[in-house]
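Undergrad: What follows is the residue order along each chain.
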Amino acid sequence: MSAVQTTASRPMQEAPDQATPFGPKPRRISAGRIGIYAFLIVAALFFLIPVYIMVVTSLKGMPEIRLGHLFNLPGDPTFQPWADAWLHACTGRDCNGLSPGFYNSLKITVPSVVISIICASINGYALTFWPYKGANLLFGLLVFGAFVPYQVVIYPLIIGLSSVGLFATLPGIIIVHTIFGMPILTLLFRNFYAAMPVELFKAARVDGAGFWRIFIYIMLPMSVPITVVAVILQVTGIWNDFLFGIVFAGRSNWPMTVQLNNIVNTTTGVREYNVNMAATILTAAVPLVIYFVSGRWFVRGIAAGAVKG
Amino acid sequence: MAANGTSVSIQDLSLNFGAVSVLQTLNLDVAEGEFIVLLGPSGCGKSTLLNCIAGLLDISEGSIFIKGKNVTWEEPKDRGIGMVFQSYALYPQMTVEKNLSFGLRVAGVPKDEIAKRIARAAEILQIEPLLQRKPAALSGGQRQRVAIGRALVRDVDVFLFDEPLSNLDAKLRSELRVEIKLLHRKLQNTMIYVTHDQIEAMTLADRIAVMKGGVIQQLDAPQTIYNRPVNRFVAGFLGSPAMNFIEGRLEKDDSGWQFAAEDVRIPLSTYAFETEPVPGPTVFGIRPEHVALNSGSGWPFTATATVEVVEPMGSDTLVWLKLGKQNFTVRVTAERTPHNGEAVSIGFDPMRASLFDAAAGSRI
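In order, the protein sequences belong to chains A and B.
Residue 1 is where the first sequence starts when you use my numbering, and the numbers rise one by one after that.
Residue 1 is where the second sequence starts when you use my numbering, and the numbers rise one by one after that.
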């Protein structure tokens with residue numbers, strides 16, 4: 001369709017029979033762009049160095065570590081430190097490794113995540129579609145709760161929980177995690193539901209569905225993206241938690257993070273760097289896996305909730 | 001209009017959001033089987049009124065009767081209404097069939113009865129091949145059909161439509177408009193239909209309620225509203241292009257009442273006054289299609305004007321004129337199109353015109 005250009009009139013062009021510009025714009029690589037990429041690569045490598053050292057060290061035996069060549073690859077790779085970290089590492093007099101902590105963390109994380117997400121989704125749904133007297137005030141208080149520093153409420157919480165006999169128990173720590181997850185999760189769900197067409201809710205009302213039926217049959221099936229976000233947020237948050245775990249869980253329920261700290265900080269005997277490194281990687285593995293598997297969902301869900309509200 | 005008894009009756013309905021009054025002591029009686037269109041610009045309260053009838057909004061004052069029963073405090077499902085929304089509001093994770101049956105399953109209707117009703121609705125709306133699809137796999141027109149079907153299966157007395165065609169493209173809109181009209185003829189249900197589209201209102205309605213600022217301005221048959229609007233707002237809102245308005249004065253001399261404005265003097269001997277005329281500031285209105293172009297001197301009023309712009313629309317042509325200082329639009333058939341800058345003669349009969357009080361805006 002373009003005007004025909006003769007070869008004679010445009011002798012400088014490489015494709016003389018076509019009027020240029022024509023077709024897709026050519027991509028150019030500028031010096032600035034090269035600089036940006038160089039910086040990003042260097043920065044990424046810099047942050048990967050500790051990870052590299054951890055992995056390498058965890059695969060070495062103690063004699064090799066004592067040689068002090070931090071960056072060297074293991075001469076004689078061994079998985080013994082990993083097995084030790086999992087099964088035999090000592091905290092004080094118990095030498096059962098990290099595994100009890102892992103199971104404790106599971107016992108804390110799974111119920112906390114499930115309960116907090118169920119409560120928060122109902123909260124967000126009710127706040128969006130069934131505005132009641134004081135709903136906005138409650139929502140304001142909840143959002144405010146997201147900014148309260150944890151340390152401030154620890155002591156009153158200890159008193160409160162021990163007065164009902166839940167301090168230093170599994171239900172106790174689960175309640176604590178549920179409460180502290182509530183502000184941010186409610187905010188997340190409320191904003192997600194606020195972005196949903198209200199006509200959907202009205203249609204369901206005309207169809208005769210009530211509070212629970214609309215929630216379970218209409219809203220929940222549409223909440224998958226935001227639920228994934230909430231799961232990631234809660235799993236990583238609760239798994240990585242140290243403070244609440246050490247305060248509220250009680251000795252027999254200490255989560256993996258507390259166990260790891262106790263292993264690494266044991267003051268008697270030789271410091272087994274390889275075991276410590278392996279234990280740390282094991283503890284960090286769960287959130288890491290969650291991020292890698294669902295990072296795409298995470299961004300999508302955050303964006304979906306952020307559009308409105 | 002099958003007017004045998006009242007279907008929906010709204011009595012002294014008011015709705016306030018805080019200090020903002022959205023509906024003001026509104027009264028409306030809809031006859032059985034009647035097709036009422038609530039028409040008005042956005043923010044006039046027409047959708048709000050529909051939501052009040054449906055029971056989706058709590059009202060501040062007044063009462064609502066459906067089929068003689070006071071439903072003011074009833075839940076939406078107990079009011080005997082079905083509602084169709086602008087955004088279709090289909091449940092995205094359910095198939096068409098499940099969408100249609102949701103309300104019936106909630107109400108605990110037996111399975112074979114549900115199947116029967118879905119089959120009937122699907123046949124009426126010609127959506128049988130779509131029953132197992134999800135809404136995402138449907139086109140806009142198909143979705144709106146399913147939405148209508150959802151109201152249909154509930155066997156309700158009153159259908160409420162909230163701008164059901166506004167999300168569709170122009171071609172589909174006119175097709176579905178005809179289908180809704182046919183559906184109404186077939187079902188003979190009461191239908192209350194909200195729109196801001198005057199063509200939908202004119203074509204579908206038995207009666208149109210033109211709303212502005214939460215008040216019904218005029219409630220009448222489409223032709224009456226079009227030809228004898230009660231005030232300047234109604235006159236200006238209906239009709240495209242809008243009615244020609246000339247601001248001037250009502251005067252009386254030896255030959256009778258006249259309308260006088262700059263460059264124009266219109267004798268009103270053929271005009272049927274609504275109220276006793278009094279001299280004073282007045283607005284004269286006449287629709288573009290009631291003005292004749294270059295058609296001789298047989299009219300009670302004739303004048304010469306200059307063509308400013310010509311807009312060919314295909315079936316007919318709009319001619320924008322300058323009559324002295326007054327702007328004037330005339331609709332002519334496509335064959336009789338004048339040229340820009342041409343001097344033409346115009347003529348009309350004031351019998352077709354409307355006169356409004358300049359201050360109050362009401363019809364004289």
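Note that these hints are calculated values from the structure, not bench results.
It is possible that some hints are incorrect.
Among the chain B residues that face chain A by a calculated CB cut under 10 angstroms, a handful are [to be verified]:
no. : residue
1   : Asp78
2   : Ile81
3   : Phe85
4   : Gln86
5   : Gln93
6   : Phe102
7   : Pro110
8   : Ile114
9   : Arg117
10  : Arg120
11  : Val307
12  : Val310
13  : Met313
14  : Trp320
Some chain B residues well away from chain A (every beta-carbon gap over 12 angstroms; in silico) [claimed, not checked]:
no. : residue
15  : Gly68
16  : Glu75
17  : Arg79
18  : Pro92
19  : Gly103
20  : Asp162
21  : Asp169
22  : Ser174
23  : Asn327
24  : Ser345
Over the 12 angstroms line for every Cβ pair with chain B, so calculated as not near, a few chain A residues [to be verified]:
no. : residue
25  : Pro24
26  : Ala83
27  : Phe144
28  : Gln151
29  : Pro156
30  : Val198
31  : Ala203
32  : Ala204
33  : Val206
34  : Tyr217
35  : Ile218
36  : Leu220
37  : Asn262
38  : Thr268
Keep in mind it's a predicted model, so treat the numbers as computed, not measured.
In this text, a Cβ means the ideal position worked out from N, Cα and C, and glycines have one as well.
Undergrad: If you test the structure against every hint from before, which numbers come out violated?
TA: 7, 8, 9, 10, 11, 12, 13, 14, 16, 17, 18, 19, 20, 30, 31, 32, 33, 34, 35 and 36
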